[in-house]
Amino acid sequence: MKEMWNNEDKLKEQLDQFEVDVPDFSIKKSKLTRIGNWIFAPTRIPFPEFGYKEVFTKLIVILPLILVALTMLPVVVFY
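Position one of the sequence shown corresponds to residue 0 (numbering that gives the first Met the number 0), numbered consecutively onward.
No lab work stands behind these hints: they were computed from the structure. Among these hints, one or two may not hold up.
To be verified - Pair by pair, the computed Cβ-Cβ distance ranges are:
#1 70 <-> 39: 54 to 60 Å
#2 74 <-> 26: 40 to 46 Å
#3 8 <-> 28: 17 to 23 Å
#4 40 <-> 6: 53 to 59 Å
#5 59 <-> 36: 23 to 29 Å
To be verified - Result set (SDA-like, lysine to any residue): computed pairs, CA atoms no more than 20 Å apart in a straight line:
#6 27 <-> 37
#7 28 <-> 11
#8 28 <-> 15
#9 57 <-> 67
#10 57 <-> 42
#11 9 <-> 19
#12 11 <-> 27
#13 57 <-> 43
#14 28 <-> 39
#15 27 <-> 39
#16 57 <-> 69
#17 30 <-> 40
#18 27 <-> 43
#19 57 <-> 68
#20 30 <-> 17
#21 27 <-> 38
Even glycine gets a Cβ: it sits at the ideal position worked out from N, Cα and C.
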């Protein structure tokens, strides 16, 4: 165990021999980049315990179309 600390001291001495200049660069990302990262960020499955099936996925896609059709039905029938 003591040998490990000796190696660490040697490494520190060797690293102290070098002088490194770190250039200045902006850390803040642009607003457009932040919006893009937010839009394209991966999302989590809301209820993973149910285990989505292919039929359920199709229902999720088709359900808004069915709701729009049912909403337009009174307009078509009573106009």
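Status of the hints after comparison with the structure:
1. 70 <-> 39: 54 to 60 Å: Once the Cβ atoms are compared, 32 Å apart, the range 54 to 60 Å for residue 39 and residue 70 is violated.
2. 74 <-> 26: 40 to 46 Å: violated (55 Å)
3. 8 <-> 28: 17 to 23 Å: violated (39 Å)
4. 40 <-> 6: 53 to 59 Å: Check failed, 42 Å falls outside 53 to 59 Å.
5. 59 <-> 36: 23 to 29 Å: holds (26 Å)
6. 27 <-> 37: It holds: about 15 Å lies between the C-alpha atoms, which stays within 20 Å.
7. 28 <-> 11: Roughly 34 Å separates the two Cα atoms, so the pair is violated.
8. 28 <-> 15: It is violated: about 33 Å lies between the C-alpha atoms, which goes past 20 Å.
9. 57 <-> 67: Holds, because 16 Å separates the two Cα atoms, which is no more than 20 Å.
10. 57 <-> 42: holds (19 Å)
11. 9 <-> 19: Distance ~19 Å between residue 9 and residue 19 Cα, so the pair holds.
12. 11 <-> 27: It is violated: about 32 Å lies between the C-alpha atoms, which goes past 20 Å.
13. 57 <-> 43: holds (19 Å)
14. 28 <-> 39: holds (16 Å)
15. 27 <-> 39: Holds, because 19 Å separates the two Cα atoms, which is no more than 20 Å.
16. 57 <-> 69: holds (18 Å)
17. 30 <-> 40: holds (15 Å)
18. 27 <-> 43: At roughly 26 Å apart (the allowed maximum being 20 Å), residue 43 and residue 27 break the hint.
19. 57 <-> 68: Roughly 17 Å between the alpha carbons, so the hint for residue 57 and residue 68 holds.
20. 30 <-> 17: violated (37 Å)
21. 27 <-> 38: Since the Cα atoms of residue 27 and residue 38 sit roughly 18 Å apart, the hinted pair holds (cutoff 20 Å).
Consistency note: the structure conflicts with the earlier hints numbered 1, 2, 3, 4, 7, 8, 12, 18 and 20.
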